[in-house]
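Trainee: Spelled out, the chains give:
Number of protein chains: 2
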Amino acid sequence: MTSELEKKIIRQVKKAKDVANQLINFDTNKKNNVLEIIADELENNKDIIIKYNKSDIENAIESRLSKALIDRLTLNEKRIIEMCNGVRNIAKLNDPVGEVISEWVPPSGIRIKKVRVPIGVICMIYESRPNVTVDSVALCLKSGNAVILRGGSETINTNRILITIIKESLKKAKFPVNSVQFIDTPDRKAINVLSILDEYIDLIILRGGEQMIRSIRRKATVPIIAHGKGLCHTYIDKDADINKAIKIAYNAKVQRPGVCNAMETLLVHKKIAEKILPPLAAEYKKSNVELRGCKKTLKILKDIKPAVESDWSTEYLSLILSIKIVDSIEDAIKHINTYGSKHSESIVTENISSAEKFLREVDASAVFHNASTRLHDGGVFGLGAEIGISTQKLHARGTMGLKELTTTKYIVYGTGQIRE
Amino acid sequence: MTSELEKKIIRQVKKAKDVANQLINFDTNKKNNVLEIIADELENNKDIIIKYNKSDIENAIESRLSKALIDRLTLNEKRIIEMCNGVRNIAKLNDPVGEVISEWVPPSGIRIKKVRVPIGVICMIYESRPNVTVDSVALCLKSGNAVILRGGSETINTNRILITIIKESLKKAKFPVNSVQFIDTPDRKAINVLSILDEYIDLIILRGGEQMIRSIRRKATVPIIAHGKGLCHTYIDKDADINKAIKIAYNAKVQRPGVCNAMETLLVHKKIAEKILPPLAAEYKKSNVELRGCKKTLKILKDIKPAVESDWSTEYLSLILSIKIVDSIEDAIKHINTYGSKHSESIVTENISSAEKFLREVDASAVFHNASTRLHDGGVFGLGAEIGISTQKLHARGTMGLKELTTTKYIVYGTGQIRE
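In the order they appear, the protein sequences are chains A and B. Under numbering that gives the first Met the number 0, the first residue of the first sequence carries the number 0, and numbering increases by one thereafter. Under numbering that gives the first Met the number 0, the first residue of the second sequence carries the number 0, and numbering increases by one thereafter.
Keep in mind that the hints were calculated from the coordinates and are not lab data. A virtual CB, placed ideally from N, CA and C, is assigned to each residue, including glycine. Be aware that a few hints might be false.
[Claimed, not checked] Dumping the calculated DSS-like pairs for lysine-lysine here, alpha-carbon to alpha-carbon at most 25 Å:
# : chain 1 : residue 1 : chain 2 : residue 2
1 : A       : K333      : B       : K13
2 : B       : K171      : B       : K50
3 : B       : K171      : A       : K112
[What the hints assert, rightly or not] Pairwise CB distance ranges, derived in the manner of DEER restraints:
#  : chain 1 : residue 1 : chain 2 : residue 2 : range
4  : A       : N43       : B       : K294      : 16 to 24 Å
5  : B       : T27       : A       : P185      : 48 to 56 Å
6  : B       : I241      : A       : R187      : 57 to 65 Å
7  : B       : K218      : A       : R187      : 17 to 25 Å
8  : A       : I319      : B       : S312      : 55 to 63 Å
9  : A       : K333      : B       : K218      : 27 to 35 Å
10 : A       : K218      : B       : I241      : 51 to 59 Å
11 : A       : T337      : B       : K218      : 26 to 34 Å
12 : B       : D183      : A       : N287      : 53 to 61 Å
13 : A       : N88       : B       : K29       : 44 to 52 Å
14 : A       : R187      : B       : T163      : 47 to 55 Å
15 : A       : R187      : B       : K274      : 53 to 61 Å
16 : B       : E273      : A       : K112      : 45 to 53 Å
17 : A       : E419      : B       : D183      : 35 to 43 Å
[Stated by the list, open to error] Here are a few chain A residues that sit away from chain B, every Cβ distance over 10 Å (derived from the structure):
#  : residue
18 : E5
19 : K7
20 : S62
21 : E81
22 : K170
23 : A172
24 : D201
25 : G207
26 : K295
27 : K301
Given only the sequences and the hints, what does the whole structure look like? Please build it.
Mentor: Quick look at the structure:
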């Protein structure tokens, strides 16, 4: 039997589907206009947003959520203004819809254009950070998609007020209000319902823990792009520049340890280990990084903990780092392709052919030479904004911007051609 | 408990995964060379292939399979030579691996390249036509992927000999034999096993009936691209050129009715119906096409059957055509977006703005102006070869060639950059 919750969700999803057919006809100005109004209205209402956000913070404190998590869900004036400027930046980006990817005339004389079109209805399932709500609305509307939002229960009050303001802005801009649907329930069953509505939803973008992703993937019939875990490595090659290596390995671990593109395991070539590990460990010590080493590492860094097998497959998301000394670049690549999550991987070396080997053979969405894995980000990459980092290979891989929220269509112009 | 079948499949799939890591290092010549040898060996062994194929044909006759199906699985000298030339053509195509899609330097000074790389392990699940076996091997190897083949039980003998010859060719070319894995069992459980091996298989390409696709999609954890049903329309607009309209509508239905891009429903604007339907019906009559009309059509074509509601959602795949008279182009678009399978849709009109409206608002992988839907084909489009026609929106849409068998990777070159 269909529950009330299910009925309500289906009604919302159908509305989104209906409106998606209108959105394909909207020009860039109309889409940019609504984003500008959303940005202004959110900024005008920052006090009330902060008030609602406070109740989420109080609930989080009461539920004894971690400090890191509370920080993630907290909004203040600065963060709200950043959020609004983010929306304004998206308004400034090129509209991907209508872009002609290629155009050609095959022997039959038909003219074929491959063009970008909106995907249709995109459902976002995510946790904590309230700016994901606003970013998702802006990116989806700009790319001509209707959006269904299902944020985490820990920010439900903040999301409610954000959506109320966004809906008001849509009305003000004479933009279809149904193009944004908010699934306003903490009930996790809502996710199960959404994940099988493939008749109406074209794509689910999933930002969450590994277990959540696996369990949804198992049941879903809607295609999913997951922003999954990041078990990232830095490999310091025998031919590394010591100063670059220390700077990059320190940054990859310490600059913001709780995010997916931070390093979890450091691999060091045996020929450079004695030279690099002591000064690097001294740097890490200043930032209270807990080091866990393989047997060979323990011979050099005598006062650190031993790493056990499970360390190589653990995403710490905190100031813990496992260190392994490897015999060769081949061993480093093998370790990464075995334990890595195919997210972001870096080699530090002055040897170009070693770098090329690593960049080619490591299977990951982004591979770095002499640069920190922390740089894997839509903003840093110059894409303007990102809706997530795909850790899978289909449709989109790595940081995803506006283009990744489109699909393509062959448009064929004939003059009466038929199949002979 | 793990069954023997399951254990065997997992062993094969693991071998494919292992070999995929080697294939990324193979240059274009090595890949083209193996394709040339496969083509030659298949051609040299055409008599033995025909012998094995005969046993499939005999079994098919005994099982009373339809004539159309028996035709699809039949090989003869001409078809084998075509198949071999297909492989040689794929060898001539540009190698998609390594193609730099874009390259730029964001403000941080890192240099970013977005390049094409193989997907990894691709599993083909398909029915009948034995050339799909050979095409899939050629396309997957050329794009640097390992391939797992699970063909239909009705061609298992033909597939066995094709795979034997292909494996011999791989040995001869000193190409890893494990890069092609054949799931040699008629047991349908094999499909269930394959569909959840997401640890090793990166993509399943599914060519089969709608019901098969739905049931696999429900259980699968491996991402799927489905070559699904084609419920295609031709819309004859009030401003159509009568001669073009007759030629296109006749071709779309009659030239090869059993395939996915053939027309199933003809939509005709009310203002042109009386003029076009009688001569068009006369053409269809010559080819014994059974016509089923809406009420308004029956007033013009008095001797045809009435269409019922279920006709609008039926993929006949035979010489049956449903006809509906619509009041406007909006009605035609609405009908197509409601009943169509988003495959291939055509408008016949001399009115450019009507054409643009149709091409923009109809949601399908390929939309045609004054051309037959039958043209939606990798060969006709000039892509060289196709591995299927995707009826979904993610990763690949419409006819799929070599590029669609790749994913991308960001390669980032730094000089010590870190995240500030």
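Trainee: Please verify whether K171/B and K112/A have alpha carbons no more than 25 Å apart.
Mentor: 41 Å, violated
Trainee: Just want to verify: K170/A was marked as not at the interface with chain B; is every Cβ pair farther apart than 10 Å?
Mentor: 25 Å, holds
Trainee: What's the verdict on K333/A and K13/B, does the C-alpha distance respect the 25 Å limit or exceed it?
Mentor: Holds, at roughly 16 Å.
Trainee: Are all C-beta atoms of chain B more than 10 Å from that of E5/A?
Mentor: 18 Å, holds
Trainee: For T27/B and P185/A, compare the CB-CB distance with the range 48 to 56 Å and indicate the outcome.
Mentor: At 54 Å between Cβs, range holds.
Trainee: If you check the beta carbons of R187/A and K274/B, does the distance land in 53 to 61 Å?
Mentor: 59 Å, holds
Trainee: Using Cβ atoms and 10 Å as the threshold, tell me whether A172/A really stays out of contact range of chain B.
Mentor: 22 Å, holds
Trainee: Non-interface claim for K301/A: all C-beta distances to chain B beyond 10 Å?
Mentor: 29 Å, holds
Trainee: Cβ-Cβ distance between E419/A and D183/B: within 35 to 43 Å?
Mentor: Roughly 38 Å apart at Cβ, these two residues keep to the hinted range, so it holds.
Trainee: Are all C-beta atoms of chain B more than 10 Å from that of D201/A?
Mentor: The assertion about D201/A is violated, with a minimum of 5 Å to chain B.
Trainee: For the range 47 to 55 Å, tell me whether the beta carbons of R187/A and T163/B fit it or not.
Mentor: 51 Å, holds
Trainee: When you look at the beta carbon of E81/A, is every beta carbon of chain B farther off than 10 Å?
Mentor: 16 Å, holds
The structure does not agree with the numbered hints 3, 4, 16 and 24 stated previously, though it agrees with the rest.
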